[in-house]
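Given only the sequences and the hints, what does the whole structure look like? Please build it.
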Amino acid sequence: MGRPVFGGIEGGGTKFNCMLGTGPDDIVAVRTFPTTGPVETLDNVVRFFQEEVANNTLQAIGVASFGPIDLDHASPTYGYITTTPKAGWQHTNVVGTLGSRLGVPVGWDTDVNGAALGEFRWGAAKDSDPVAYITVG
25 MGRPVFGGIE
35 GGGTKFNCML
45 GTGPDDIVAV
55 RTFPTTGPVE
65 TLDNVVRFFQ
75 EEVANNTLQA
85 IGVASFGPID
95 LDHASPTYGY
105 ITTTPKAGWQ
115 HTNVVGTLGS
125 RLGVPVGWDT
135 DVNGAALGEF
145 RWGAAKDSDP
155 VAYITVG
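Numbering (the working numbering), first residue to last: 25 to 161.
Since the hints were derived computationally from the structure, they do not count as laboratory data. Among these hints, one or two may not hold up.
As the list claims (entries may be wrong) - Derived lysine to any residue pairs resembling SDA-like cross-links, with alpha carbons at most 20 angstroms apart:
id, residue 1, residue 2
1, Lys39, Gly61
2, Lys110, Thr59
3, Lys39, Val54
4, Lys39, Gly112
5, Lys150, Val130
6, Lys39, Gly161
7, Lys110, Thr38
8, Lys110, Asn41
9, Lys110, Thr65
10, Lys110, Asp94
11, Lys150, Asp49
The structure is reproduced here in structure tokens:
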């Protein structure tokens, strides 16, 4: 059994950024690819983690995604991108697909919340409470 590592995905409308590591100072691998259709894009995500895990042990993945997305754990569509204007992505089960194909827990939130959490944990808002984060898109 190798060293425990975690995956991070920033799923955007034009590109997906994937990383593997233990934190911002220990990145094992990074890959960026265009956001195409959901099958091709999620296949690329899965392939990245399968290729890059190597002698490490993938513990979990966190996904910060474009949306709108379903964040309600009690909802039958939790983990889905819902009514997005992004062609072909409506009603895509991101969490279910990644969790079943990679066999790890998948954290799920909006891209904006993911960015705010990163700033709070490691960035400009570190050691600040409360934090306000604004994005324009």
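Hint by hint, here is what the structure shows:
1. Lys39 x Gly61: The given pair, whose Cα atoms are some 11 angstroms apart, holds under the 20 angstroms limit.
2. Lys110 x Thr59: holds (10 angstroms)
3. Lys39 x Val54: Holds: Lys39 and Val54 sit about 13 angstroms apart, inside 20 angstroms.
4. Lys39 x Gly112: Holds, at roughly 15 angstroms.
5. Lys150 x Val130: violated (24 angstroms)
6. Lys39 x Gly161: Roughly 15 angstroms separates the two Cα atoms, so the pair holds.
7. Lys110 x Thr38: Within the cut-off at roughly 10 angstroms; holds.
8. Lys110 x Asn41: holds (17 angstroms)
9. Lys110 x Thr65: holds (13 angstroms)
10. Lys110 x Asp94: holds (15 angstroms)
11. Lys150 x Asp49: holds (15 angstroms)
In summary, the one numbered hint that this structure violates is 5.
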